[in-house]
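Q: Residue numbers (this note's numbering), protein chains in the order written: chain A, 1 to 297; chain B, 1001 to 1361.
Simulated from the structure, these hints should not be mistaken for lab results.
All C-beta atoms, glycine included, are put in the ideal place defined by N, C-alpha and C.
Any given hint could be a false lead.
To be verified - What follows is a list of derived Cβ distance ranges for each label pair: (1) A/P156 x B/A1249: 41 to 51 Å; (2) B/T1039 x A/Y142: 26 to 36 Å; (3) B/E1141 x A/G151: 47 to 57 Å; (4) B/K1200 x A/R129: 55 to 65 Å; (5) A/E245 x B/A1066: 27 to 37 Å; (6) B/Q1140 x A/F65: 29 to 39 Å; (7) B/A1066 x A/L57: 20 to 30 Å; (8) B/M1206 x A/S154: 27 to 37 Å; (9) B/D1094 x A/G86: 51 to 61 Å; (10) B/D1094 x A/I24: 29 to 39 Å; (11) B/A1331 x A/F65: 51 to 61 Å; (12) B/E1106 x A/I66: 48 to 58 Å; (13) B/N1301 x A/S154: 42 to 52 Å.
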Amino acid sequence: MARRFLILVPYLWLLALFLVPFLIVLKISLSDPEISIPPYTPTLDWREGWAGFTDFLSQLDFENFIFLTEDDLYWKAYLSSLQIAGISTVLTLLVGFPIAYGMARAAPDWRPTLLMLVILPFWTSFLIRVYSWIGILANEGYLNQFLLGIGVISDPLTILNTQTAVYIGIVYTYLPFMVLPIYSALEKMDDSLLEAGEDLGCSRLSAFWLITVPLSKAGIIAGCFLVFIPTLGEFVIPSLLGGSETLMIGKVLWEEFFNNRDWPVASAVAVILLLILIIPIILFQRNEQKQREAEGQ
Amino acid sequence: MNTKLLSLTAVFAMTTAAVSADEVRVYNWSDYIDEELLTKFEEETGLELVYDVFDSNEVLETKMLAGGSGYDVVVPSGTFLQRQVQAGAFQKLDKAQLPNLENMWEVVEARTDQYDPGNEYSINYMWGTTGIGVNVGKVQEVLGEDAPIGSLALIFDPANMEKLASCGVHFLDAPTEMIPAALKYIGEDPDSHDPDVIAKTEPVLMGVRPYVQKFHSSEYINALANGEICVAFGWSGDILQARDRAAEADNGVEIAYNAPTEGALMWFDQMAIPVDAPNPEGAHAFLNFIMDPQNIAAASNYVYYANGNAASKEFLVGDVINDTAIYPDEATLENLFTTTPYPARVQRTVTRLWTKIKSGT
Chain A
1 MARRFLILVP
11 YLWLLALFLV
21 PFLIVLKISL
31 SDPEISIPPY
41 TPTLDWREGW
51 AGFTDFLSQL
61 DFENFIFLTE
71 DDLYWKAYLS
81 SLQIAGISTV
91 LTLLVGFPIA
101 YGMARAAPDW
111 RPTLLMLVIL
121 PFWTSFLIRV
131 YSWIGILANE
141 GYLNQFLLGI
151 GVISDPLTIL
161 NTQTAVYIGI
171 VYTYLPFMVL
181 PIYSALEKMD
191 DSLLEAGEDL
201 GCSRLSAFWL
211 ITVPLSKAGI
221 IAGCFLVFIP
231 TLGEFVIPSL
241 LGGSETLMIG
251 KVLWEEFFNN
261 RDWPVASAVA
271 VILLLILIIP
281 IILFQRNEQK
291 QREAEGQ
Chain B
1001 MNTKLLSLTA
1011 VFAMTTAAVS
1021 ADEVRVYNWS
1031 DYIDEELLTK
1041 FEEETGLELV
1051 YDVFDSNEVL
1061 ETKMLAGGSG
1071 YDVVVPSGTF
1081 LQRQVQAGAF
1091 QKLDKAQLPN
1101 LENMWEVVEA
1111 RTDQYDPGNE
1121 YSINYMWGTT
1131 GIGVNVGKVQ
1141 EVLGEDAPIG
1151 SLALIFDPAN
1161 MEKLASCGVH
1171 FLDAPTEMIP
1181 AALKYIGEDP
1191 DSHDPDVIAK
1201 TEPVLMGVRP
1211 YVQKFHSSEY
1221 INALANGEIC
1231 VAFGWSGDIL
1241 QARDRAAEAD
1251 NGVEIAYNAP
1261 TEGALMWFDQ
1271 MAIPVDAPNP
1281 EGAHAFLNFI
1291 MDPQNIAAAS
1301 NYVYYANGNA
1311 ASKEFLVGDV
1321 INDTAIYPDE
1331 ATLENLFTTT
1341 PYPARVQRTV
1351 TRLWTKIKSG
1361 T
């Protein structure tokens, strides 16, 4: 009984914070826009009872989803978001892994301090941290002033409002989400495995590839998901640091919602985005489970 | 669980009610008031003022259409106000609570009447034009002494823009401002709602798009002021604020604003009270405070926008009332045009065109 209750809690959580909002969005995606409060029709009126409900259902249709297939803007934005999220995840991994590795290798006395340093930026608002990058990357910003000052460049570099700035912003913001899971995987690793490898004639580099990397795989995968998923729908970083050519689905969603006042189409875009995210996660989990079962046998 | 939820809502409702009695929440454009006025309002009325800002009509409109924004006073522009009135987002003003209405300027009221017939739902806060801000020194350096700084050709002729790209150009991220300007440039009706006519702006905007550093509706104030960019197509007062900030910083940047000689869009920002405002009485008090000639004059003197208050003119400083960029002379006034809201389907065409222009897709 106690165990059942324990399982019930996360399910209730999912129901209240995931399924119910999703159904609301799905409902809006099947309706039509209208100039009113709220700006779509039909709306569900509970007072009319069952008849009102069936009447409401009969007015819903998939028109907005069909609309999404008719304009190449949407799939291009989805693809471009996938690409930006993919590249950002790889970059974050390349930067984050050495940091996590260094932390795990550091003297045990130092580790809590290093961990603190990774977490510390969270104490400042995310928005302020992204804004401060504007000051650093601008044409007249600190980075250019510094580079001009030491004579590396003669003309200021244009970084702000380009794709490069978006990548810098994303890698910076999501770095802790990559570092922490990898660190926790590496910290648990038994150093004697490396020693055994070297005793058996393995070079340091191949010991790294054959022992350290596979043992931190769970952390790498968790880190990649933690970076990839939020980046895919990222809106703030590209709109503050990116230029006009940065096409991401978050921006398209914003435009449907704010510029077109078309909540139904905006909701349809959101539903598709969710499906795009959820399918690989489910496939990944199935795969993991199969592997675990195979190992168990 | 249901009862718990209900009682929770009840608690929330009670706290909002308790708070709202002596609190007025105002949602206005960014960089749009002399903040000393906010303290003055609190001192005079004893009400607590919560002042939030936005930088696009779209953000405000979405909050209005979602309902329950919690604001008592909001400031949409004319075309947006018109649609929101239609959606039932605002309440009619109780003119008995607004004795200062007598100060308003009938010339402006006659024009805002097209968005809000009879001015029943709104009062004018500020009005202005959309035009071209330039860093005079840099633009002349790039284009020569006779650079067409007052003409739409400066921003819509690729030959000029190609050269200006090196010193930085910002456009407003507002299709309802940029497309009428582009239509005016090619000699079409700027208020056209015909998708075929609107489509004619695509090659014009696409031709200069590669040279636009950013489409944004508020960053250009600082960017112009600190020399980061040399041209911005933006709102009159914002550019004049940039001019002022540059002069204060004494950084050698000289900013000038011109309403395009081809014709400029004239817009009106209207203060209105949402239909579900928690404190309509406080909202009326705020509106009445704003319509006090000295108060609105202080705001205009600070933000460099003209207001719709005739009685305030005697309190305006010389470089506001005498500046034709702010209070246009008769000749310029004739050259100004207004626009009306797009119907939903045309709006979609416009947004789609704008996305295409910004992202190339």
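Q: Kindly confirm whether 55 to 65 Å is satisfied by the beta carbon distance between B/K1200 and A/R129.
A: Violated - the Cβ-Cβ distance for B/K1200 and A/R129, about 43 Å, lies outside 55 to 65 Å.
Q: Looking only at beta-carbon atoms, does the pair A/E245, B/A1066 fall within the given range of 27 to 37 Å?
A: holds (31 Å)
Q: Within 20 to 30 Å or not, the Cβ separation of B/A1066 and A/L57?
A: holds (23 Å)
Q: Check the following: the C-beta atoms of A/P156 and B/A1249 are separated by a distance inside 41 to 51 Å.
A: Given about 19 Å between the Cβ atoms, the range is violated.
Q: Does the Cβ distance between B/Q1140 and A/F65 fall inside 29 to 39 Å?
A: violated (53 Å)
Q: Holds or violated: 27 to 37 Å for the Cβ distance of B/M1206 and A/S154?
A: holds (33 Å)
Q: Are B/D1094 and A/G86 spaced within 51 to 61 Å by their CB atoms?
A: holds (57 Å)
Q: Range hint 29 to 39 Å: satisfied by the CB atoms of B/D1094 and A/I24?
A: Holds - the Cβ-Cβ distance for B/D1094 and A/I24, about 36 Å, lies within 29 to 39 Å.
Q: Per the hint of 48 to 58 Å, is the separation of the Cβ atoms of B/E1106 and A/I66 within bounds?
A: With a Cβ separation near 51 Å, B/E1106 and A/I66 satisfy 48 to 58 Å, so the hint holds.
Q: Determine whether the Cβ-Cβ distance between B/A1331 and A/F65 falls within the hinted range of 51 to 61 Å.
A: holds (53 Å)
Q: Check the following: the C-beta atoms of B/N1301 and A/S154 are separated by a distance inside 42 to 52 Å.
A: holds (44 Å)
Q: Within 26 to 36 Å or not, the Cβ separation of B/T1039 and A/Y142?
A: holds (35 Å)
Hint check: violations occur at hints 1, 3, 4 and 6; the rest are consistent with the structure.
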